[in-house]
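Novice: These are the residues of each chain, in order.
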Amino acid sequence: MVEAGRAPAARSPVSSEVMIEMRNVHKWFGAFHVLRDVSLTVHRGERIVICGPSGSGKSTLIRCINRLEDHQRGRIVVDGTELTGNLKHIEKIRSEVGIVFQQFNLFPHLTVLENLALAPIWVRRLPRREAEETAMKYLERVRIPEQARKYPAQLSGGQQQRVAIARALCMNPKIMLFDEPTSALDPEMIKEVLDVMVELAESGMTMLVVTHEMGFARTVAHRMMFMDEGQIVEDSPPEEFFSRPRSERTKLFLSQILRH
Amino acid sequence: MAGRAQPVQQEHPLALRPSAATVGVVGWLRQKLFSSPLNAALTFLALYILYLVIPPLVRWAFIDADWVGSTREACRREGACWVFIRVWFERLMYGLYPREEIWRINAGYGLLVGAGALLVVPRFPWKHWVGVFLLVVYPVIAFYLFVGGSLTVSLVTLAVILALIGGTAVRLAPAFRDRAWIAGWRRAYPVFALGALAWLALGERLLGSAPLTVSVHLWPMVETRLWGGLFLTLVIAAVGIVGSLPLGILLALGRRSELPVVRGICVAFIEVWRGVPLITVLFMASNMFPLFMPEGVNFDKLLRALLGVTIFASAYMAEVVRGGLQAIPKGQYEAAEALGLGYWRTMGLVVLPQALKIVIPGIVNNFIGLFKDTTLVLIIGLFDFLGMAQAAASNANWLGFAIEGYVFTGFGFWLFCFGMSRYSQHLERALHTGR
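First to last, the protein sequences are chains A and B.
First residue of the first sequence? That's 1 in my numbering, and the numbers climb one at a time after it.
First residue of the second sequence? That's 261 in my numbering, and the numbers climb one at a time after it.
Pulled out of the complex, with its shape left as it was, chain B reads as follows (with noise of 0.2 Å):
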């Protein structure tokens, strides 16, 4: 409380201090490591054991490595090769993608890492929009930063499309709803959307051709084939993380939900999803899916694997957002539904943010594991960061270097992952409320 005199803190008169041997360095000392002769006698092995591992490893990452040149010859061969790392970097980054082009990848990046500080900032304003420019706008153009080439758009197609986000926007959006038109728009709200979705599927089909086109085209296209290194883990695993939470969240709501129609076709979806594994899936979608497609459908290859990984990491989230449904109580339920709040708002503002917050160890854990999932594209020819490093060193002018491969993609991993682990850590204290 502000303005409040604190009492003044008195030495009680039977106050005594802690004596010196349980307090400080000392203290912490006798408690943690040399309480009884077995503890002592651990520590000390403990410290042999790093005294055996950690100096050479030293000497073999540092002191005995080489780091400049730009051949094999450069490497004297007593520690690593950091040679053969700094020659394929940009293989490692960014797979086959056209030198010239690298930019449209590193923009990408840019963007991203400027809106996501953006969020980080403590009591930024306008958070939300950042949030919906993340989610809405930045997949749209980190699409034809990477993609490229021509893109032709009608021009009344767009503007429906536009119109459609604008609409649903203002009727979901917080910020209109105490204006008077908003009861109208909400009930004409049903007929737009139709409308405009049935324009988007029909209406170029139905004219015969696409009204008012435009022709955009800013940069080359980079065919997928050619992207690789971390850039297609990256991909494939934001798209991954970004599609399978809501779509696990849907699942788990409808596991759980009393429609038995509903019930039925999320279990039999996640349990299927759940009993395969995730080569087979990645198989399925490179091999046999396209059999079952008509004749010149063709499917990208990447979109094919994003669409495999989304869909099987949708499965174990489901499951994981389950275990935090079943962990609130009915009353919670009870209550919200008392004060008039309907299914979807009772879910939405109430039982989801405690069940997911309780499972953020959960989430966070599926998504280190997808990421790391991500490096079995390989086998459907895809090469992800390992992948890459895998290529690189069987290389005829590299062979013998996958040791420094492996440690570098290991080490890339590892920060990824820990970045991540650290992340929900956060969010578990900031969102804690007490109970």
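Just chain A, same shape as in the assembly (with noise of 0.2 Å):
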């Protein structure tokens, strides 16, 4: 665990306004019940961060928020665009959620700087001049722009996390999912990318986040949820969360990665 080092309090505010909508979501892989009855509302400028066991279905929750995965039940709404077989309803939401992968998924044929542009130029429409001094500002932000110039090959984990998190805000997002993050980074490298998630938090960035890291949950969470064989069985705010519990399930998956 890896404690983020910041008091919980200095929040900023969540607006009334709902960005994503889950109604009554179902979901099978073939016969297996991923998602049951999933349903949930999350406000602009919330964070919420999702714990569970392996297999509890946390990434394929987030992952229908822009539709890698298609539900098969329940409605899913995000930003006021229902998701469903649409083209051009995916493509218009994929465009405004940014996701950060567990494996990080950066283009290894690209340098850092043309993976940030890319999108930017081919899904905007910028020129690439412009495309590229924004990438510049959030590689900036992400405290790597030195590495511009550089393949992904080239970096370290943690240094391509944060190409990888740079990436998705390029395209100015109005939601971010980050699917485990720092799951697959050397202990060392995990408090660099924890740190620009922190900040994009006090950004006041719509943030769903999937991830173990408990301290940085202390630190950022508006609502802390524990996933269990398909369902949300626990959903409060960080205080109440890990120090009274309700479900039994939460406590036992609690007790067991805070025992270190």
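Since the hints were made in silico from the structure, they are not lab data.
Warning: the hint list may mix true and false statements.
Said to hold, decoys possible - Pairs of lysine to any residue, SDA-like flavour, derived with a Cα cap of 25 Å:
id: 1; chain 1: B; residue 1: Lys-387; chain 2: B; residue 2: Leu-507
id: 2; chain 1: A; residue 1: Lys-88; chain 2: B; residue 2: Glu-594
id: 3; chain 1: A; residue 1: Lys-88; chain 2: B; residue 2: Gly-591
id: 4; chain 1: A; residue 1: Lys-150; chain 2: B; residue 2: Lys-387
id: 5; chain 1: B; residue 1: Lys-632; chain 2: B; residue 2: Cys-677
id: 6; chain 1: B; residue 1: Lys-387; chain 2: A; residue 2: Glu-114
id: 7; chain 1: A; residue 1: Lys-92; chain 2: B; residue 2: Gln-592
id: 8; chain 1: A; residue 1: Lys-174; chain 2: B; residue 2: Gln-592
id: 9; chain 1: B; residue 1: Lys-632; chain 2: B; residue 2: Val-502
id: 10; chain 1: B; residue 1: Lys-590; chain 2: A; residue 2: Ala-184
id: 11; chain 1: A; residue 1: Lys-150; chain 2: B; residue 2: Tyr-593
id: 12; chain 1: A; residue 1: Lys-88; chain 2: B; residue 2: Arg-439
id: 13; chain 1: A; residue 1: Lys-88; chain 2: A; residue 2: Arg-125
id: 14; chain 1: B; residue 1: Lys-617; chain 2: A; residue 2: Leu-155
id: 15; chain 1: B; residue 1: Lys-617; chain 2: B; residue 2: Leu-395
id: 16; chain 1: B; residue 1: Lys-590; chain 2: A; residue 2: His-89
Said to hold, decoys possible - On the chain A side, residues computed to face chain B include the following (Cβ under 7 Å):
id: 17; residue: Glu-91
id: 18; residue: Tyr-151
id: 19; residue: Ala-153
What the hints assert, rightly or not - Example chain A residues on the side facing chain B (calculated, C-beta under 10 Å, incomplete):
id: 20; residue: His-26
id: 21; residue: Phe-29
id: 22; residue: Arg-67
id: 23; residue: Leu-110
id: 24; residue: Arg-125
id: 25; residue: Lys-251
id: 26; residue: Leu-254
Quick reminder that beta carbons are idealized off the backbone N, C-alpha and C, glycines included.
The task is to assemble the complex, starting from two chains supplied on their own in separate frames and drawing on the hints.
Specialist: Structure below.
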């Protein structure tokens, strides 16, 4: 566990505007029921940390929000647009929702700068120069502007993940999803990535983060969620979540990951 | 980093130098050739075999060979008779192409080599335009250079073709992407393109005659049955290579498509063409195909062979490219799609550049195979490089020089194939970005 070393106060206010609305969402992988009747409302500026044992459906849940996975029952509305098979809607939502993956998924054949400028140029249709200026701005924000001309393979894991965060930010998203962003990193690199995420949180970004970094969760989360067997078992503010979890499964899980 | 002082290299107090017996020429010999008694024996055996083979070969090909003269009597028959090649050289290079027109082929070669050289120059600024020239303009020029004859074109049709090419280029070129008017053009483009294509397909037929025609007749027509030698080999190989790669990429993408109809068509196409020998394809193209065509429609035999070779090669290419596509991790597709790049941009900007880079050895392997397979066109009566050599060796005045012909053509094929192989290795190094 890494302590982010900040007080849990100073949380930016949450707007009443609804950004994500999930209603009675079900999903199956073949016969396996991954999401069971999940309902969730996320407001603008809200930061939610989701944890739970592996296979509990937490990754699938956030991947449904930009339709990397499709749901089979229920409704998902993101920023006023419902996710259906409609490709136009999917592309609109994908250009508004950024995602950061566990394995970074940078494009190895492009330089860092090209990785960042690719989507703004080809999706937003910005002129190359403008896209590269924006890219440099975000590289400075994640504190690696000097790596702009390198290829991803020349960077450390922590640097690659920060590039991945900057790449998502270049599309100027309204929502950022994080799918276990620090799980593939060596311990000494986790902090540099979490620091960037804390800064992003302080800027008021709407964030859904799947992680087991409980120090980070305490610092930034408005709401903590615990998922198990495809259901949201616990959904409460972090103070309550850590001190007085309601369900037995949450207590057991917390005792396991907080033991050390 | 520029301007930063390099730290002074200091000898570590415990630094030792490797002993002389493990470095340099002596070290290399000891390690690579004489590391054990068995290896030493193998080294000597290999040297002995080389001794048996190389000196007689050099004597045959160079020392005892006959180089000058113009008849078979000039050859003393002690070594190779290169007079044979010298006499038949023009045929081996150009087939039966009329002597006074051969400059057209050479001009075509010259243009190609000139443009290709520009592509190789590092940091040449207009490489994109050279590429467009080679892929779009050059084939048209080369076609008229090699075929020639009278060309009657309607100026209207010509204008439509130019407008279509220009309009498409503006629609796609990155240079115009941030102009204010491009969005309007993008919306108008489908109507424009459909209209242009409709005119090309039907316009002249509806009018009953071609309006505003002009005739071009710069040089006489040379029928393709006169084409031959290395020239024919290069034409078939070039068309096959340039045609099979894009077709193969589309087939590979189709085979991995989620649309069942597209996938089914692509799988069937690939499996059918991969399942038959090239000889069968060529034979069908040459002999069976005309039977199915209506009376009077006559496809050029070379054109049929070109189509057959291209389609055949594209089926193999598709499988090589598919191998590359499968090597790209799922995360790459997901990352590209999550950024809002749609299917074609995900493929074109993210997946294919990586996949093709991985399978460069396989692609070039196919190119080399295709290059050598062109010799099979002999069975449909086209005389390629090798076919010409065989024809020359069976000439009544030159019987008995088949070996010289085979050695010469073999060396010619090797030069081209080795060149392709070296170029592919260079590409692999140039495109390497780690990982």
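Novice: Could you run down the list of hints and mark each one as holding or not?
Specialist: For each hint, the structure was consulted:
1. A C-alpha spacing of about 23 Å is found between B:Lys-387 and B:Leu-507, which places the hinted pair at or below 25 Å, so the restraint holds.
2. Taken as a hint, the A:Lys-88 and B:Glu-594 pair is honoured in the structure, with Cα atoms around 17 Å apart against an allowance of 25 Å.
3. At roughly 22 Å between alpha-carbon atoms, A:Lys-88 and B:Gly-591 fall within 25 Å of each other, so this suggested pair holds.
4. Distance hint between A:Lys-150 and B:Lys-387 is fulfilled; the C-alpha atoms sit about 23 Å from each other, no more than 25 Å.
5. A C-alpha spacing of about 8 Å is found between B:Lys-632 and B:Cys-677, which places the hinted pair at or below 25 Å, so the restraint holds.
6. Taking the CA atoms of B:Lys-387 and A:Glu-114, the gap is near 20 Å; set against the 25 Å cutoff, the hint holds.
7. Proximity of A:Lys-92 to B:Gln-592 is assessed by CA-CA distance (about 20 Å); at most 25 Å being required, the pair is judged to hold.
8. A distance of roughly 22 Å separates the Cα atoms of A:Lys-174 and B:Gln-592; the hinted pair therefore holds under the 25 Å criterion.
9. Only pairs whose Cα atoms come within 25 Å are accepted, and B:Lys-632 paired with B:Val-502 is accepted, the gap being roughly 16 Å.
10. Under the criterion of a C-alpha separation no larger than 25 Å, the hint pairing B:Lys-590 with A:Ala-184 is consistent with the structure, at around 17 Å.
11. Between A:Lys-150 and B:Tyr-593 the CA atoms are separated by roughly 22 Å; this keeps the pair inside 25 Å, and the hint holds.
12. Distance check on the hinted pair: A:Lys-88 and B:Arg-439 sit about 24 Å apart at the alpha-carbon level, within 25 Å; holds.
13. Between the alpha carbons of A:Lys-88 and A:Arg-125 the distance comes to roughly 16 Å, so the proposed pair stays at or under 25 Å and holds.
14. Taking the CA atoms of B:Lys-617 and A:Leu-155, the gap is near 21 Å; set against the 25 Å cutoff, the hint holds.
15. Between B:Lys-617 and B:Leu-395 the alpha-carbon distance is near 20 Å, which keeps this suggested pair within the 25 Å criterion.
16. For the hint linking B:Lys-590 to A:His-89, the alpha-carbon distance of about 23 Å falls within 25 Å, and the restraint holds.
17. Given hint, A:Glu-91 at the interface with chain B, holds; its Cβ is 5 Å from that chain's nearest Cβ, closer than 7 Å.
18. At about 4 Å, the closest approach between the beta carbon of A:Tyr-151 and any beta carbon in chain B falls short of 7 Å, and the interface hint on this residue holds.
19. Of the supplied interface hints, the one on A:Ala-153 holds, with its beta-carbon coming within about 3 Å of a beta-carbon of chain B, less than 7 Å.
20. Of the supplied interface hints, the one on A:His-26 is violated, with its beta-carbon coming no nearer than about 22 Å to a beta-carbon of chain B, more than 10 Å.
21. At a threshold of 10 Å, the smallest CB-CB gap from A:Phe-29 to chain B is about 14 Å, leaving the interface hint violated.
22. Of the supplied interface hints, the one on A:Arg-67 holds, with its beta-carbon coming within about 9 Å of a beta-carbon of chain B, less than 10 Å.
23. This hint holds: A:Leu-110 has a C-beta 8 Å from the nearest C-beta of chain B, less than the 10 Å allowed.
24. Interface hint status for A:Arg-125: upheld, as the beta-carbon distance to the closest one in chain B is roughly 6 Å, under 10 Å.
25. Using the Cβ-Cβ criterion of 10 Å, the hint placing A:Lys-251 at the interface with chain B is not satisfied: the shortest such distance is roughly 34 Å.
26. At its closest, the beta carbon of A:Leu-254 sits 30 Å from a beta carbon of chain B; the interface hint therefore is violated under the 10 Å criterion.
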